[in-house]
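In the order they appear, the protein sequences are chains L and F.
Position one of the first sequence corresponds to residue 21 (my numbering), numbered consecutively onward.
Position one of the second sequence corresponds to residue 307 (my numbering), numbered consecutively onward.
Bear in mind the hints are in silico, worked out from the structure with no lab data behind them.
Hints may be right or wrong, so weigh each one.
In silico lysine-lysine, DSSO-like type, Cα no more than 27 Å apart, as pairs [stated by the list, open to error]: (1) F:Lys362 x F:Lys408; (2) L:Lys84 x F:Lys362; (3) L:Lys75 x F:Lys362; (4) F:Lys362 x F:Lys332; (5) L:Lys75 x L:Lys40; (6) L:Lys40 x L:Lys84; (7) F:Lys408 x L:Lys86; (8) F:Lys376 x L:Lys75; (9) L:Lys61 x F:Lys376; (10) F:Lys332 x F:Lys376; (11) L:Lys86 x L:Lys61.
One-sided and incomplete, this derived list gives chain L residues near chain F with beta-carbon spacing under 7 Å [claimed, not checked]: (12) Phe54; (13) Ser63; (14) Leu64; (15) Leu66; (16) Thr69; (17) Phe87; (18) Asn119; (19) Glu124; (20) Gln129; (21) Gly130.
All C-beta atoms in this analysis are idealised placements derived from N, C-alpha and C, irrespective of residue type, glycine included.
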Amino acid sequence: GAVVSQHPSWVICKSGTSVKIECRSLDFQATTMFWYRQFPKQSLMLMATSNEGSKATYEQGVEKDKFLINHASLTLSTLTVTSAHPEDSSFYICSARNNLVYTEAFFGQGTRLTVV
Amino acid sequence: SQQGEEDPQALSIQEGENATMNCSYKTSINNLQWYRQNSGRGLVHLILIRSNEREKHSGRLRVTLDTSKKSSSLLITASRAADTASYFCATQSGNTPLVFGKGTRLSVIA
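Next up, chain L with everything else stripped away, as it sits in the complex:
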């Protein structure tokens, strides 16, 4: 299967600072990338969908000014958590898909964000 690399795998930051998480498709072009958030012992909740070169579509209840998503190329999408607060501490996972080639989406390894 195709490979999606997410970086960093974990990060600790202070309240009020911003954190950027990268998601790269290594061996395919990702026409669409998805960002999910997962709280402990819970399922993955979709935050937003981004198509290369266009603005991300955010799910209801997700603040677009707080979670900035940039999908500037077919192999890279970034999620920036701005002015992070302890309640933003969570596991963030990206997934990438090429709608023309693959039926399934491929997931990154996830990023554990802890805001102190």
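Got chain L sorted already, so can you dock chain F onto it with the hints?
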């Protein structure tokens, strides 16, 4: 919105036993996928079953799909301690994002 509902939420079995997890969903789908997640780690894709398929096998995994009941099951045969993980079903309609169920936490005791 959450679509899939797995049951049971948690399952504890002895090594060598079979583990069965069920998933129900609400709307029509193109395919249903099962994923595995070890604690605090990323997702591993296990198997995909299309809406026109009823059963699929991959190694020790057997997945069934009943679109009339909007349900699927994942059977892991001859379980091993290394199968301990959370298992999620996820449904897809067209090019929409995957919608995940709540997951089943499986513990296989050696």
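For each hint, the structure was consulted:
no. : hint                : verdict
1   : F:Lys362 x F:Lys408 : holds (22 Å)
2   : L:Lys84 x F:Lys362  : violated (40 Å)
3   : L:Lys75 x F:Lys362  : violated (38 Å)
4   : F:Lys362 x F:Lys332 : holds (21 Å)
5   : L:Lys75 x L:Lys40   : holds (17 Å)
6   : L:Lys40 x L:Lys84   : holds (14 Å)
7   : F:Lys408 x L:Lys86  : holds (26 Å)
8   : F:Lys376 x L:Lys75  : violated (34 Å)
9   : L:Lys61 x F:Lys376  : holds (25 Å)
10  : F:Lys332 x F:Lys376 : holds (7 Å)
11  : L:Lys86 x L:Lys61   : holds (24 Å)
12  : Phe54               : holds (5 Å)
13  : Ser63               : holds (5 Å)
14  : Leu64               : holds (5 Å)
15  : Leu66               : holds (5 Å)
16  : Thr69               : holds (6 Å)
17  : Phe87               : violated (15 Å)
18  : Asn119              : holds (5 Å)
19  : Glu124              : holds (6 Å)
20  : Gln129              : holds (4 Å)
21  : Gly130              : holds (4 Å)
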